[in-house]
Amino acid sequence: MDDKILPGDCSDIVRRIDTDRFGPFVFQPGFTAAAVALGLHRVEDAHARFVASPLAQVANQLEQEVIVSSVFGTNTIEGGTLSEEETASALALDPQQLHAVEQQRALNIKAAYDFSRTAAKTPGWSLTTQFIVDLHRLVTAGIPHDDNRPGLIRDNPKTRVTLVGDAAHGGRYRPPQYGRDVERLLVALIAWHDDLQAAAVPALIRAPLVHLYYEQIHPFWDGNGRVGRVIEATLLQAAGYRYAPFALARYYLQNIDA
0 MDDKILPGDC
10 SDIVRRIDTD
20 RFGPFVFQPG
30 FTAAAVALGL
40 HRVEDAHARF
50 VASPLAQVAN
60 QLEQEVIVSS
70 VFGTNTIEGG
80 TLSEEETASA
90 LALDPQQLHA
100 VEQQRALNIK
110 AAYDFSRTAA
120 KTPGWSLTTQ
130 FIVDLHRLVT
140 AGIPHDDNRP
150 GLIRDNPKTR
160 VTLVGDAAHG
170 GRYRPPQYGR
180 DVERLLVALI
190 AWHDDLQAAA
200 VPALIRAPLV
210 HLYYEQIHPF
220 WDGNGRVGRV
230 IEATLLQAAG
240 YRYAPFALAR
250 YYLQNIDA
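Going by numbering that gives the first Met the number 0, the sequence shown opens with residue 0, and the numbers climb by one from there.
Hints may be right or wrong, so weigh each one.
[To be verified] Computed beta-carbon distance windows for the label pairs:
#, residue 1, residue 2, range
1, 125, 31, 25 to 33 Å
2, 113, 173, 32 to 40 Å
3, 85, 211, 44 to 52 Å
4, 144, 31, 37 to 45 Å
5, 154, 17, 15 to 23 Å
6, 254, 39, 14 to 22 Å
7, 129, 211, 18 to 26 Å
8, 31, 146, 22 to 30 Å
For the record, the hints were derived by calculation from the structure and aren't laboratory data.
Beta carbons: idealized from backbone N, C-alpha and C, even for Gly.
Please take these sequences and the hints and turn them into a complete structure.
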């Protein structure tokens, strides 16, 4: 597991990108070390207690339950209608047995989680744009959409405007529309994450920051929320957290109106 103690003040780890059409885009932590230090220590203490508890001895069963709950959570956030029991049943199906888009969506998320876990266990793995593109291919494979193509970066024609969010959940946001800007910002996000990692900023901080800015870039036509949550989970897994990364999807669902 990487160093969990946040170094001095990391608020100066900033990248400003001047895009062609979106204007300036700034990657920055947006907090002071003192503001998050107590929370970090509480999480680390809870994690240490869990690892030492008898629950860790039933790891395989626990992991399967967490995966089902997480797939249900992340799919429901995106408008999926399967119940948690139906989600578990869909995950047990052979791909040839699928007969509904909802089942395909659930199985796609599971495939992305499997890909994520394999990557996180690979020595020397690091976050790359190719990893993100591959995740998107897995998440959206076989899902009908007028514009989305698995693995293809969004490039809006002038007649089509992408808007994200709604008034009930923080308001509407217009992400970058021009494909070159989207690609440039995605590359910059990876570089900024590398800066954070080089400065020993712990994964508990890096992962949600990357998730936040990834969603602001919104690089694909569809599947951004699902991909963003898997990216966050992968960074946490790579740092040694085994169960909580996927459980976050259920937490987001339960607190979506908070």
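> Are there hints from earlier that the structure breaks, and if so, what are their numbers?
Replying inline: 3, 8
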